[in-house]
Amino acid sequence: MENNTCQDSEGEMESDNNSEMQHAKEEAEKTKICDENGKRYPICSTPLSKIRNYGLGFWLYMLFLKSIAVISVILSILVTPVVVTNGIVNGVPSDERNGLFDRFCLASHTNEEKPQNFITDEKLAGDIVLFTDVLYSLTFALCILILHKYFNKRIDEAEYELTFMNDYSVEIKGIPKNGFTDQQLIEYLQPYGGRVVEINYARYFGNMLIDYKKLSELNKKIALGGKNKLKLTEKQSKLAQSILQKYPNDTCIKDLDKLWAYAVFENPKKKTRAIAKFSYANRRKLWEYDVEKKKYRFCVATRKFRKFLGKHRIHLKTAPDPTEIIWENLEITSKNRCCRRFIVFAVVGVLLLIGGMIIYSIRASQDKMSDTNSWRTLNTVNSNDIGKRFKTQTLMNLIISIVIFGINELIELTFVTLV
1 MENNTCQDSE GEMESDNNSE MQHAKEEAEK TKICDENGKR YPICSTPLSK IRNYGLGFWL
61 YMLFLKSIAV ISVILSILVT PVVVTNGIVN GVPSDERNGL FDRFCLASHT NEEKPQNFIT
121 DEKLAGDIVL FTDVLYSLTF ALCILILHKY FNKRIDEAEY ELTFMNDYSV EIKGIPKNGF
181 TDQQLIEYLQ PYGGRVVEIN YARYFGNMLI DYKKLSELNK KIALGGKNKL KLTEKQSKLA
241 QSILQKYPND TCIKDLDKLW AYAVFENPKK KTRAIAKFSY ANRRKLWEYD VEKKKYRFCV
301 ATRKFRKFLG KHRIHLKTAP DPTEIIWENL EITSKNRCCR RFIVFAVVGV LLLIGGMIIY
361 SIRASQDKMS DTNSWRTLNT VNSNDIGKRF KTQTLMNLII SIVIFGINEL IELTFVTLV
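Sequential numbering of the sequence shown, starting at 1, is according to full-length UniProt numbering.
Just so you know, these hints were derived from the structure itself, not from any lab.
Among the hints, a few may not be true.
Think about it this way: if two alpha-carbon atoms lie no more than 30 Å apart in a straight line, the pair counts; the simulated DSSO-like pairs of lysine-lysine are [as the list claims (entries may be wrong)]:
hint, residue 1, residue 2
1, K153, K173
2, K246, K220
3, K317, K270
4, K227, K213
5, K277, K307
6, K149, K246
7, K213, K229
Label pairs and their computed distance ranges (CB to CB) [what the hints assert, rightly or not]:
hint, residue 1, residue 2, range
8, C339, K238, 27 to 33 Å
9, Q241, R313, 41 to 47 Å
10, A346, N228, 32 to 38 Å
11, K307, Q245, 23 to 29 Å
12, A346, A240, 35 to 41 Å
13, I362, K231, 50 to 56 Å
14, I243, S361, 53 to 59 Å
Each residue gets a CB set at the ideal place from its N, CA and C atoms; glycine is no exception.
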């Protein structure tokens, strides 16, 4: 009789859990965190998401420096005709005059010989300065609009590409290996962050997933055919036999030990609130308010820790990136992860070094091509090299902008291919 009662209670608990999980799945489908097939797997597949795994700094580097390089190219192309024309016809900037004419060197009325390249008509000089100011303002406004549109597009893409399971999830460590249900863990977390949508577990699979992955790759190679089909078939049969010996068919995932859990909340705000409330409720108190003296006094005390199932002290923190979760489940050690990241950072460092050397060589060649005279000296002596100086400097700036843009593209290609 007692056994039947226990079985009935267990059946009711399982039915409640199933209904709760069904409702959680329905809510989870509304979050659009899914792949093309509609399955909710936290797998990074876009280039930006791969870059994001290496930190926010690299993502901002790729975003801002590339946009700066693009704007530099646009500015160089638009401003080059104006700069070259003003350099040949009007001279160069001077600090001796104020107002509209400090952009160009007008002929001094005290000079007996007026240079031919200098403008003596102040009205014409004012019109040129006004035209240049309007052109610069339009160019600046155009670049701002391009940058604004670019960032808005990135923000819209980030809502879908950069939204992962860890934005909604917390990592729970310290749970028992077995002997509890999902509903018990959900009830424990509800006072901190509200309703929990889903509970996932990281389990100790050993090398089971890696062996199955190898078997799947062998099956794909055998299906493609080729000269080594016989050897691949023998290798596949040996691997299948070893898998059957290590992991019998009656092995169920639910029977494996639980390492830790991942709780998915309804939105990122509730997840952040849960972590904040949990840390506040279980942290040490350094100051305590004295009612009699009406002031705070220093003390070292610990708040009463709300243990899970009354005996397990768990730790709550934000969930890691999805790739970290997958790596942990596949039993890939941090050594493998560090080796891959070292290769990526080494390639990025080499690309940055090459880009710096190219820019330095361009600057050095620019200094050799131009004489040692300053702009003021060239303007005073009315040298014919003033137009060459403008053309050379503008061309070098354009080349440097293109080099920066190319280096950024290579760095992004490195992340996409190697990560």
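Results of checking the hints against the structure:
1. K153 to K173: violated (38 Å)
2. K246 to K220: Measuring from Cα to Cα gives roughly 23 Å; hence the hint holds.
3. K317 to K270: Holds, at about 13 Å.
4. K227 to K213: holds (23 Å)
5. K277 to K307: Since the Cα atoms of K277 and K307 sit roughly 15 Å apart, the hinted pair holds (cutoff 30 Å).
6. K149 to K246: Given that 30 Å is the threshold and the Cα spacing comes to 56 Å, the pair is violated.
7. K213 to K229: Holds, at about 19 Å.
8. C339 to K238: 27 to 33 Å: At 29 Å between Cβs, range holds.
9. Q241 to R313: 41 to 47 Å: Taking Cβ atoms as reference, Q241 and R313 lie about 44 Å apart, which means the hint holds.
10. A346 to N228: 32 to 38 Å: With Cβ atoms ~34 Å apart, the hint holds.
11. K307 to Q245: 23 to 29 Å: Given a distance of about 41 Å, which is not inside 23 to 29 Å, the answer is violated.
12. A346 to A240: 35 to 41 Å: holds (39 Å)
13. I362 to K231: 50 to 56 Å: This hint holds: roughly 54 Å between Cβ atoms.
14. I243 to S361: 53 to 59 Å: holds (57 Å)
When each numbered hint is compared with the structure, violations occur for hints 1, 6, 11.
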